[in-house]
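**Q** The primary structure of each chain is shown beneath.
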Amino acid sequence: MYVTKVKLTNFRNYKNAEVELSPGVNLLHGSNGQGKTNLVEAINFFASLSSHRVAGYTPLIQQGEQSAIVSLELAHLERELLLEFEINNDSPNRARLNKSPVQKPKDILGYLNSVIFAPEDLDIVKRDPTNRRAFIDQLIVQFTPRMLGVYSDYDRVLKQRNTLLKSARATGTKGDSLSTLSAWDESLVKLGSEIIAARVAIASKLSPGLIANYQKIADTNNEPRMFIKSSILGSTILDGEEADDSEYLESQDREEIAELFREKLMRMRPKELERGITLVGPHRDDLVLILGSLPAKGYASHGESWSYALSLRLASLEILRQESKLGDPILILDDVFAELDSDRRAKLAELVLGNEQVIITAAVIEDVPHALSAKRFSVVAGEITNG
Amino acid sequence: MYEGVIQELIDELGRLPGVGPKSAQRIAFYLLQADADQAKRLAEVLTEVRERVRFCEQCGNVAEAELCNICRDPRRSKASICVVEESKDVQAIERTREFKGLYHVLGGAISPIEGIGPDNLRIKELVSRLADPDIKEVIIATDPNLEGEATATYLTRMLSPMGITISRLASGLPVGGDLEYADEITLGRAFEGRRTVS
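Residue numbers (our numbering), protein chains in the order written: chain A, 65 to 451; chain B, 854 to 1051.
Check the hints yourself; a few may be wrong.
[Unchecked claim] Computed from the model, here is a short list of chain A residues facing chain B with C-beta under 10 Å:
1. Asp187
2. Arg210
3. Gly213
4. Arg225
5. Leu229
6. Arg233
7. Glu447
8. Thr449
The set of hints was computed from the structure by calculation and includes no laboratory data. Where a beta carbon is used, it is the ideal one built from N, C-alpha and C, also for glycine.
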């Protein structure tokens, strides 16, 4: 699959812009702050209906405007698709597929698959569980668009349950609020187990590709591995904080996960009532990245962390490609070459060159390996031109 | 901004659910231009509705007497009670003419965010009604959303020790619809709740 045309209206710094892309490599260059990343952000938006940079939709709309429109023309073999999305400030968002409105905005998911490499990817390895959860959850939504609904339902149940816990703590009315708490537990466990199972499944799917790509890029036998560290495991309760005894979860069986979840929830109940917050569930879990025998976070060097992040993305690309009905996912390399040493640049170039479409952004053309700088576009102040 | 009473009317209308500032203005000017009688009748009905309509002491449905006309009706079966969130839901089920039992209106669903707990709903009243040995079945017909499901779960847990049959309305495919247009959650539920036919 490849993008043939992108049209942006009031999106970020683009008032009105249009660009025609071709299969193979497309290189967008220009100084910083001109809109290169905004353009690829718009393309990648259709993969999970979220930005790779910010949470929420408001930053995507140009300042002072009420709505932004992104429209994308895709081609796969003989087939052409037109995806359109209207992001609105005050009214619900709307989406259209081939000019006809879809029932719910999320119905537009599943038509575009993409994998984006960005400087922020380093955060997946180096920073907080939130970054790693965002990585794995966006991949899950690309695989199974239905999961977007599960995530938003889970968030709502979590909010309801936290409000209840907080008010139970404030008023101290334990007996009565406890019975309504169990009513929310049921939804929490049902939706939460589905999320946890999906994460374990995708982590095990990613593993072989992660190892293979890491060893190629870093030129080593050191083995990267990843696990879901779940708050539903672990027996002892220290002071409710990161009681670091949670083991790694390997089961993908929803029933089994639900059982563990339910039990842990019962054990944590006094702690939850004391803290006034939900302490068990996928929102407290982490995707632990191991390198050799040590956690990558805190132990891997800067270079190793980059190799790790690139391998995670390359592995995502491979599993998406395997299950895609629409050809290769679109590969986006956003400003990554500037971050890499020449050795990693060359290896990355070699690994991505065969992809059906690759979109690269760079401030300095010389940072991009020669093989990848065939077709160029210049981006200046929200205007895109050939060359 | 208009002067005095007309702006007051627009503001009051704008407070109603589903009426925005534009619609409020349209309704206000319509009332100004309509027959004096029509506006007067509306005003009368408004006061009357607040004075006369009350809530059925038994089921919580809207009523004009101590009991609503469903609870008063001797032909209705006393063996089953259908639990709904709002009086509107009673009307929806009545239109089916499938259900011959009695109702119980909760007055909402459990939602901590909105500050609604079991104490704010007519759950105590339901429990005391169930002391009647004639009642054999409770049908829970709360909305099939997160809050409605939580309410149903809560009720089920609380009522099951009483030894009465408790059932929940099925959710699944709309009749006369196309399978391909059903969303994944509905379709998933329909699979979960499938029936053996032979």
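**Q** Starting from the hint list further up, note which numbers the structure goes against and sort them upward.
**A** 1, 6, 7 and 8
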